[in-house]
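In my numbering, each number is its position in the sequence shown, counted from 1, plus 7.
Derived by calculation from the structure, the hints in this document are not laboratory data. Any given hint could turn out to be false.
Unchecked claim - In silico lysine-lysine, PhoX-like type, Cα no more than 20 Å apart, as pairs: (1) K267 - K325; (2) K390 - K340; (3) K344 - K390; (4) K244 - K163; (5) K267 - K207; (6) K207 - K314; (7) K207 - K126; (8) K244 - K344; (9) K325 - K344; (10) K163 - K202; (11) K244 - K390; (12) K80 - K126; (13) K344 - K314.
To be verified - Restraint-style ranges between C-beta atoms, simulated for each label pair: (14) E308 - K80: 41 to 51 Å; (15) N385 - N57: 25 to 35 Å; (16) E308 - P98: 44 to 54 Å.
Glycine included, every Cβ here is placed at the ideal spot set by N, Cα and C.
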Amino acid sequence: MKSVSTTSLAIIGVLVALIMRNWDTKESFAINFSALQFTYLVPSINVVLNRPQRDQIAYLQFLSSTSTFISSKILLPFFWDDALYQPSHGPNATRVVELTIPSTFDPDWSIPVTCTCPKSASLDSNLPIVLYFHAGGMIFGSVAQELFLARYTAHKASAVVCSIEYRLAPLHPYPAALNDAIDASLALLDNDEEKNPIIKAFIGGVGINTSNFATIGISAGGFMSAHTSRLLAHHGKTATIQVSLVPMAKPNGGTNSMIKYWNNPFWSGTQNSFAWSVYLPGDDGTLTNDWRVSLLVDPPEQETLDKLPPVYIQINTKDVLRDEGEMYAQRLKAAGKLIGFAEYDTYHVGGVPGLDRGGPGEGSYDRALSVLMDCLNNPSNCKM
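Based on the provided sequences and hints, a complete structural model is requested.
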C-alpha cells in the first residue's frame with residue numbers, strides 16, 4: 008500500500024510539474040498553482056449552494072483555512088516573494104499586537120484587531136495609521152490570511168497597519184461587517200491618548216498621528232476600504248487616501264465582464280452571486296440601492312460627499328468585477344475624487360506581490376502602495 012501511495016504521489020507531482028512547465032510561460036508559479044488549486048482541488052461552491060447554512064459555513068471555513076495555510080511561515084517563501092517573507096519572519100520583522108474593541112452595536116461582541124508596526128517604531132514616532140481589510144467576499148477570509156501583506160505594508164509605508172477582523176456572512180449578514188469596521192476604526196483613530204488602544208499596546212509604546220490615516224483592501228477588502236472611508240466621512244473623519252484594489256462594487260452583477268469571466272478560478276460569477284445573496288439575505292432591492300451597500304450610489308449628505316478622501320482604484324481585465332470597478336472609478340473621477348487609476352491584464356487577484364511574478368500584474372500592489380505612501384508622507388499634497 009505504501010509503494011502504491013508513493014507512486015501515486017510521484018505521478019501527481021510529475022503531472023503538476025508538466026502542467027506548470029507548459030502553462031507557466033512567464034514563471035508566474037504562484038498564480039497558476041492557485042488557479043489549479045481552486046479549479047481542481049478545492050470543491051466548487053456549487054456543492055453548498057442549496058445546503059443548510061451550517062454546511063455553507065463549514066465550506067467557507069475550509070476556504071479560509073486553506074488560504075491561511077498557503078500564507079503560513081512554512082509556505083510563505085515558496086509561494087510568495089522574499090520581500091514578503093522578511094517583514095514577517097526576517098531579522099527586522101515588524102512588531103505585532105492583538106487588540107479587542109467593544110462593539111457599540113452588539114454588547115456581547117468585541118472586535119478582534121491585529122496591529123503591526125516597524126520594528127524601530129517608538130513613542131517618539133509620528134506614524135500614520137493604515138486600516139487594512141482582508142479579501143473573501145464578506146463570506147470567508149481572515150486577518151491571519153493576509154497578515155503577511157499587512158506586515159509588508161507596515162514595513163514599506165512606515166505605518167501602523169491595523170487589520171480588522173470583521174464578522175462574515177452568512178452567519179453575520181449586512182450590516183455586521185460595516186458595523187465592526189466603523190466601531191474599530193473610530194476607536195483606532197481616537198485622538199485621546201488615554202483612550203486610543205494602539206499607543207500602549209506595543210511594548211514601549213508607539214507614537215501615532217490619528218489625523219493621518221488611510222484605508223486599503225483587495226476585492227471584498229476594497230469594498231470594505233471604500234465603505235469604511237465613507238462611514239468615517241459621515242462621522243466627520245476624512246482619510247488621507249482610500250485604496251481599493253479590484254473592489255466588489257455592487258450587488259447583482261449583470262455587466263459584460265461578469266458574463267465573460269463567469270468561470271474565473273479565483274473569483275467566479277457563482278461565488279460573487281452567492282456572496283451577495285448571503286450578505287443581503289431576502290433583500291427586495293432596497294439595500295441593493297443603498298449607499299452603504301453599492302459603491303455606485305453616492306452618500307445622500309453633501310457634507311459627507313465633501314469629506315470623502317482622494318481614491319486610488321485598480322481593476323484587472325480578466326475579472327468578473329472589472330466593469331463595476333471601472334464604473335466606480337468613473338463616478339469618482341466625475342466627483343473629483345479619483346487620484347489614481349490602473350488596469351492590468353491579469354486575473355482577479357493578480358498583482359499581489361509574488362503571486363503574479365513575471366506576469367502583467369507584477370508590481371501593481373507596490374505601485375498602489377507608492378501612491379498611498381506619497382499621500383501619507385505629504386498629506387497636504389494629496390489633493391485632486
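Hint-by-hint comparison with the structure:
{"no.": "1", "hint": "K267 - K325", "verdict": "9 Å, holds"}
{"no.": "2", "hint": "K390 - K340", "verdict": "13 Å, holds"}
{"no.": "3", "hint": "K344 - K390", "verdict": "9 Å, holds"}
{"no.": "4", "hint": "K244 - K163", "verdict": "25 Å, violated"}
{"no.": "5", "hint": "K267 - K207", "verdict": "50 Å, violated"}
{"no.": "6", "hint": "K207 - K314", "verdict": "30 Å, violated"}
{"no.": "7", "hint": "K207 - K126", "verdict": "15 Å, holds"}
{"no.": "8", "hint": "K244 - K344", "verdict": "16 Å, holds"}
{"no.": "9", "hint": "K325 - K344", "verdict": "26 Å, violated"}
{"no.": "10", "hint": "K163 - K202", "verdict": "27 Å, violated"}
{"no.": "11", "hint": "K244 - K390", "verdict": "16 Å, holds"}
{"no.": "12", "hint": "K80 - K126", "verdict": "19 Å, holds"}
{"no.": "13", "hint": "K344 - K314", "verdict": "10 Å, holds"}
{"no.": "14", "hint": "E308 - K80: 41 to 51 Å", "verdict": "46 Å, holds"}
{"no.": "15", "hint": "N385 - N57: 25 to 35 Å", "verdict": "53 Å, violated"}
{"no.": "16", "hint": "E308 - P98: 44 to 54 Å", "verdict": "49 Å, holds"}
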